[in-house]
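Given these sequences and hints, build the entire structure.
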Amino acid sequence: MRVDSPHNESLNLIASVEGDMDLFKTVPPNVVQSIRAFRVTELQEEAARLGQHFLYAYCADASTKQQVLSCIATAFHFPRHFGKNFDALSDCLTDLAYKAGPQPGFLVVIEQLPNTPKFDREARETLLDVFRDAADFWAEKKVAFRVFYSFQ
Numbered sequence: 001m002r003v004d005s006p007h008n009e010s011l012n013l014i015a016s017v018e019g020d021m022d023l024f025k026t027v028p029p030n031v032v033q034s035i036r037a038f039r040v041t042e043l044q045e046e047a048a049r050l051g052q053h054f055l056y057a058y059c060a061d062a063s064t065k066q067q068v069l070s071c072i073a074t075a076f077h078f079p080r081h082f083g084k085n086f087d088a089l090s091d092c093l094t095d096l097a098y099k100a101g102p103q104p105g106f107l108v109v110i111e112q113l114p115n116t117p118k119f120d121r122e123a124r125e126t127l128l129d130v131f132r133d134a135a136d137f138w139a140e141k142k143v144a145f146r147v148f149y150s151f152q
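Residue 116 in the UniProt record's numbering sits at position 116 of the sequence shown, and the numbers go up by one each step.
Do not take every clue at face value.
[What the hints assert, rightly or not] Here are the simulated EDC-like pairs of lysine to aspartate or glutamate, each with C-alpha atoms no more than 20 Å apart in a straight line:
1. Lys65 - Glu140
2. Lys99 - Glu125
3. Lys84 - Glu140
4. Lys99 - Asp87
5. Lys65 - Asp133
Just so you know, these hints were derived from the structure itself, not from any lab.
In structure tokens:
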């Protein structure tokens, strides 16, 4: 945006900052959705700007439920005792983080979830349901929890 004024620099800076705030203009604070319209780098920058946790897992090398959960656990720095099942994932995304103290918000990206016989549509939906439940948990606490995902 170009503004002709003696205060050109400051007005352009304000316009730029306001434009940046539009990244989540149509994205609710607690949602699980496809990454389609977003780039990972933009999401990471937005998380930093908002002062939120940015959690990223790239699952292209996984082909089973255990491998996907292991990939997420490693990327998100879950405790060593993480059970690599959906209940343990739920606990780490909710209770464990909640007990750690006040949270500024979460922006989660899970890329390239597999589409294999050992991680089929049902497994993918169950995984996404765990993240949806976590989004609901954090919504009750008035904490943003946005999850973006993609499939192979």
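Here is what the structure says about each hint:
Under the criterion of a C-alpha separation no larger than 20 Å, the hint pairing Lys65 with Glu140 is inconsistent with the structure, at around 29 Å. For the proposed pair Lys99 and Glu125, the alpha carbon gap of about 27 Å is over 20 Å, so the pair is violated. The straight-line distance between the Cα atoms of Lys84 and Glu140 is roughly 26 Å, outside the 20 Å bound, and the hint therefore fails. This hinted pair checks out: Lys99 and Asp87 have alpha carbons roughly 17 Å apart, not beyond 20 Å.
In summary, the hint linking Lys65 to Asp133 is supported, as the alpha carbons are separated by about 18 Å, within the 20 Å threshold.
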